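*Asks:* Here is what each chain is made of, one letter per residue.
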Amino acid sequence: MDIFLQQIINGLVQGSVYSMVALGYTMVYGILGLINFAHGEIVMIGAMVALSVIQLLTGAGFPIFFILLISLMLSMIVCMILGYSMERIAYRPLRNAPRLAPLITAIGLSIVLQTLAMMFWGREYHSFPLLFTNDSVHIAGAVITEVQIIIITVALVMMGGLLILVHRTRLGRAMRAVAENPSAAALMGVNSNSVISITFVLGSALAAIAGIMISANYGIVHYLMGALLGLKAFTAAVLGGIGNLRGAMLGGLLLGLIESLGAGYIGDLSGGFLGSHYQDVFAFFVLIAVLIFRPSGLLGERVAERA
Amino acid sequence: MLHTHSPLSPALFILLITSLAACNKPETPTASGYGRDLVVKIGAAAPLTGAQAHLGKDNENGTRMAIEDANTQGIMIAGRKVKFELLSEDDQADPKTATVVAQKLVDAKVSGVIGHLNSGTSIPASKIYSDNGIVQISPSATAVGYTGSGFKTTYRVMANDAQQGKVLGNYATQMLGAKKIAVIDDRTAYGEGLAREFIKAAQAGGAQIVAHEYTTDRAVDFAAVLTSIKGKRPELIFFGGMDSQGVPMIKQMRALGLTAKFMMGDGGYTPKLTELAGAAAEGVYASLPGVPLDKMPGGADFSKRYEAKFHQPIQLYAPYCYDAVNVMIAAMRKAASTDPAKYLPELAKLTHNGITAKIEFDEKGDLKGGAITLYQIQKGKWQALQTIDNDAITSTR
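Order-wise, the sequence lines are chains A and B. Residue 292 in the working numbering is what sits at position 306 of the first sequence, and the numbering runs on without skipping anything. Just remember that the working numbering sits 435 ahead of the position in the second sequence, which is counted from 1.
Fair warning: there could be bad hints in the mix.
To give an idea of the chain A side of the interface with chain B (calculated C-beta under 7 Å), a few residues [what the hints assert, rightly or not]: (1) Ser113; (2) Pro115; (3) Ile206.
Only some residues are given here: those of chain B computed to face chain A with a beta carbon under 7 Å [claimed, not checked]: (4) Gly485; (5) Ala659; (6) Gly666; (7) Glu670; (8) Gly692; (9) Thr694.
For the record, the hints were derived by calculation from the structure and aren't laboratory data. For clarity, every value in this text was computed on a predicted model and none was experimentally measured. Think of the CB as a built atom: it goes at the ideal place given N, C-alpha and C, for glycine as much as any other residue.
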């Protein structure tokens, strides 16, 4: 039983990591219908910037809390600037181009960001310092570390905050208007360019937070960390229904749980015939099955066809 | 959209960046630059990007040092001064990319190749080199199958996993007394092969393999697999894979409260492992074919020069790359030719006193003799436990 509970916790933590990143994908998709493949790279840059700031400040004898705050602020600011310029330079000129063009640009951007990070921070793995105490809480024989509890909490808070933003605020109304029809929104006095910019800036800030949380959990930062993460988070977003914030959360958690239970139990249940290397196969099998019966994802709504 | 030129700008930007990134590749020399020197191209292939980029760069550094040393010595072959030139390629530790890179090196008419780093890339590439008659010396491919295809051009300067897996398995069962062992491998030719040899030796030593789990060489989260292993209560966990997975695996293992001993092959014996895994890595075991660096004939000197030149410690295989180049050059000098077809027979019967060991090849292209050393992390540093020479390996069952 403690093993089962541990697998559930593993899945929830892994799922929350996916969810945090998936929220960024879904936000941009919901408004622009664009899959921003460079989002995983923003997460990586957020973690890298935080690491550099921490390394710079650690010797100076500041309290841990202060260092954490400053590194969080700075990495959010860097990511926000990056997100803004990304939209401005790479996506805005292509807004009315065929859909394939911005998609390919996004893939190109992610390669550019990876290469830049490699040139700037090097090819090595960097150790991400322990910012929180590494104490773990024991629940009925299962272990969960404090960082992991924070990750689950942060993911939920992120989703809640975004839901309130989109559904309760003036900016959120403008976002929904732009999502529905950019030109009509513009005619109604919504500055769709600035709304889209804000979406990117916001998504990038969340990515920075996600990057720091993920690095704190694994204790490792690497210029390639965004690639696989981005892919998994994208899968999670599609699973939950891309464009839907609750869907991103649900998809992430589900993917995390499937992976962890899959890896943990396939071997024993199949009597050693299938091993833990089939965990990705199961995750994608579930994805395919969901998409066959609900093509727009679990919580996906009918997306109005854009002209 | 009215401004028609703007969609081009991202493409131009990417072009600019990629050309910047390509800057560290060696340029083809103009004939006039070297006068009448004989220019000999030596290819090198290793992952220079991706999860194992730090190891790939280390290989490139070792190879580069050997080539620069050879150039300053002013080696003469067949009466002409030779200028060696390094063509370093990035195989991304990916078998598919490795074949592309191999073809690229063949097309560039290299006289020989130092590489690849991984067994999974060296094996598919070896066919391309063999088809084109180009000598390949891998500094670090340890999978048994690498020299198993029977190619005449395939060599390595490191003992293989049949020996390494056996030593590790014997050590785990006999010295550490492990009775219940869990094995994880990363599904690469190296990780899978080493795990297989380890399991064979461990079972022969009376241990029970309670779990065999799998991961990939790109994964970072092993919580699920480790939790499943935890339920089987092993005394020792063996991981066939590289340090890039070893580090997070060790950390997650300790976070989950798994107290079993942890053991890896040569892929784990790096300073990065101790640096990144920190306190969690205390007590971890690993092995490396060959004797410890400070016991190598030219180890201390090489290590000093390497650090002065590249401002970082040797990661793993750099000394073996250095030797691989020098063995190749020694064969060329003996044959008085840089043509692979001419110096290949000399390579086969060569004896070379390298910085790692005395190098001689058997008929398959494997290193003759070849010791294996076991290491453990004690107080944050790799400490050599014992070196087991080849006779001892073959005499145990």
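*Asks:* It remains to establish, for every hint, whether it holds in the given structure.
*Replies:* Hints, one by one, checked against the model:
{"no.": "1", "hint": "Ser113", "result": "4 Å, holds"}
{"no.": "2", "hint": "Pro115", "result": "10 Å, violated"}
{"no.": "3", "hint": "Ile206", "result": "6 Å, holds"}
{"no.": "4", "hint": "Gly485", "result": "6 Å, holds"}
{"no.": "5", "hint": "Ala659", "result": "4 Å, holds"}
{"no.": "6", "hint": "Gly666", "result": "4 Å, holds"}
{"no.": "7", "hint": "Glu670", "result": "18 Å, violated"}
{"no.": "8", "hint": "Gly692", "result": "5 Å, holds"}
{"no.": "9", "hint": "Thr694", "result": "12 Å, violated"}
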